[in-house]
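Trainee: Listed here are the chains, written in short residue letters.
Protein chains: 4
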Amino acid sequence: METGTGTEARMRVHRTEETVRYCETDRMNVAHHTTYLVWFEIGRTNLLKITGRTYREMEEAGYLLPVIEFSCRMVKSVDYEDRVAIETWIGEIRSRTITFRYRIFNDADAIAEGMTKHVCVDGNNKYRRIPAFIPEKLADFMKR
Amino acid sequence: METGTGTEARMRVHRTEETVRYCETDRMNVAHHTTYLVWFEIGRTNLLKITGRTYREMEEAGYLLPVIEFSCRMVKSVDYEDRVAIETWIGEIRSRTITFRYRIFNDADAIAEGMTKHVCVDGNNKYRRIPAFIPEKLADFMKR
Amino acid sequence: METGTGTEARMRVHRTEETVRYCETDRMNVAHHTTYLVWFEIGRTNLLKITGRTYREMEEAGYLLPVIEFSCRMVKSVDYEDRVAIETWIGEIRSRTITFRYRIFNDADAIAEGMTKHVCVDGNNKYRRIPAFIPEKLADFMKR
Amino acid sequence: METGTGTEARMRVHRTEETVRYCETDRMNVAHHTTYLVWFEIGRTNLLKITGRTYREMEEAGYLLPVIEFSCRMVKSVDYEDRVAIETWIGEIRSRTITFRYRIFNDADAIAEGMTKHVCVDGNNKYRRIPAFIPEKLADFMKR
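Chains as they are written, first to last, in numbering that gives the first Met the number 0: chain R, 0 to 143; chain W, 0 to 143; chain D, 0 to 143; chain V, 0 to 143.
For the record, the hints were derived by calculation from the structure and aren't laboratory data. Among the hints, erroneous ones may be present.
Copies of one chain are not kept apart here, so a pair can be met inside one copy or by any two copies together.
[Said to hold, decoys possible] Result set (DSS-like, lysine-lysine): computed pairs, CA atoms no more than 27 Å apart in a straight line:
1. 75 x 136
2. 48 x 75
3. 125 x 142
4. 75 x 125
5. 75 x 116
6. 75 x 142
7. 142 x 48
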């Protein structure tokens, strides 16, 4: 698993911890691969709080960020009650799209990495510019 | 498992078939118990189509039926790729609430039975009377 | 919603907190009703840790506790990013079955209550007696 | 969305249909993006049946195919009760890995495309060669 570019490596990442739920396991005795997308979602939800608004408040203000692309590579599985740490950071922000990047850890092991790309739309599914406070606040966070 | 009262036994029930999905299994190698509620949801969705409107159309017309109570008893588990049949019928309709009853089969075996109770609300979560076409059409169906 | 018998009211309950995940919401803008079963599962998982063994360790030792019955009544919904507290306690322990009871809170409001009943089986799905340390340790906890 | 190379375009694809379940929607009134991975899983499950064995039988014979990579791009969302068709075909088979490719349709519209890559392991998570009948039977199917 690559550890990102030098630039990314110097950035500050956001870290959230979760525990594998029983219902998230499958008959292979591992967390089902859809669960990684759920962890990514929790990671970016928590990263976005750093802007001073929750993603729920953004949606209520008419800024929705539906997923238009996702990918993930996994190198090690986890099972029920295993702890995972989700590292989240911004890959890229353009006027209408934002890409989050993620790395999942179980103890010291990076077990997966992935990305999600989102487009900004309003409640009628029309494209909007991403509001300025998002890149500003996140840039502040990542530089610290 | 009881097979219902004599009255129920004479009623017509709606039948839908589903297959256990991989992601629905857990590390016990069975369909996770939340899946039974999903099957109940599919069963009543399909039963409601008999009214001539889909539940999606009802929601769009401002008649929402959130679940306010559910229960289920299971006597036998099912695993990945097992087929289940969902039998759904109306337990009771009152002015503002409706109770669906369900029985889940794997081949000839009744493996679970349960119920969900719903209250009718509008899009602002205010109580509404259940629209007359629902009990009328469902009564027609069940008598046949 | 009843607050239980006087006996239960004097018992110690286990408390766990969770946050509603985006993926747990549905098009009615509330946590889907299956999520309450997931919270119950998290609640009893954490209560069982009080015995000194995790439920994962119990399964690995050949003591599985599949759900054979569940029920829930909900009086108020929750939405994305709402915090819930899960209170879990033992309803009844018999030689081969155990019943957990739950109450879900959002802030000070009790929003749901329910139960799950489990039977103890081994890895081949044969009935086993519930190991003595479970009722002993849980009785200790609840009395305190 | 690209429609694949000329080579792929001449291949036979496997087609499965599903309906968006209520529980699969989220507060954005669309099928949550994890659902696309579930549809991919159903698609490859059904494609694998063409080999004459179900994936469940393969697992029981000690050939497990955990997901080690997945990706998806979505161009249009779907909502509750929308019908989707899942087209599945083989991207690549190597001695120990297999890549499936997918395209999701809603009516005539291709709404998403993606891939999953799997490694073959035994029940102890040791690498195995993919059994010969899988590429043979699938090659037969895709040529027809």
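Trainee: Now, for every hint given, state plainly whether the structure supports it.
Mentor: Comparing the hints with the structure gives:
Taking the shortest Cα distances, residue 75 and residue 136 never come within 27 Å of each other, neither inside one copy (34 Å) nor across copies (30 Å). Taking CA atoms no more than 27 Å apart as the test, residue 48 paired with residue 75 passes between copies only; the shortest distance there is 26 Å, against 29 Å inside one copy. Taking the closest pair of Cα atoms, residue 125 and residue 142 never come within 27 Å of each other, the shortest separation being 32 Å inside a single copy and 42 Å across copies. Proximity of residue 75 and residue 125 under a CA criterion of 27 Å is satisfied inter-copy only: 12 Å between copies versus 39 Å inside one chain copy.
Both within a single protomer and between protomers do residue 75 and residue 116 lie at most 27 Å apart by alpha-carbon distance, with minima of 24 Å and 14 Å respectively. For the homomeric pair residue 75 and residue 142, neither the shortest alpha-carbon distance inside one copy (31 Å) nor that between copies (35 Å) is at most 27 Å. Taking the closest pair of Cα atoms, residue 142 and residue 48 come within 27 Å of each other only inside a single copy of the chain (16 Å); across copies the shortest separation is 40 Å, beyond that limit.
Of the numbered hints given earlier, the model fails hints 1, 3 and 6; all others are met.
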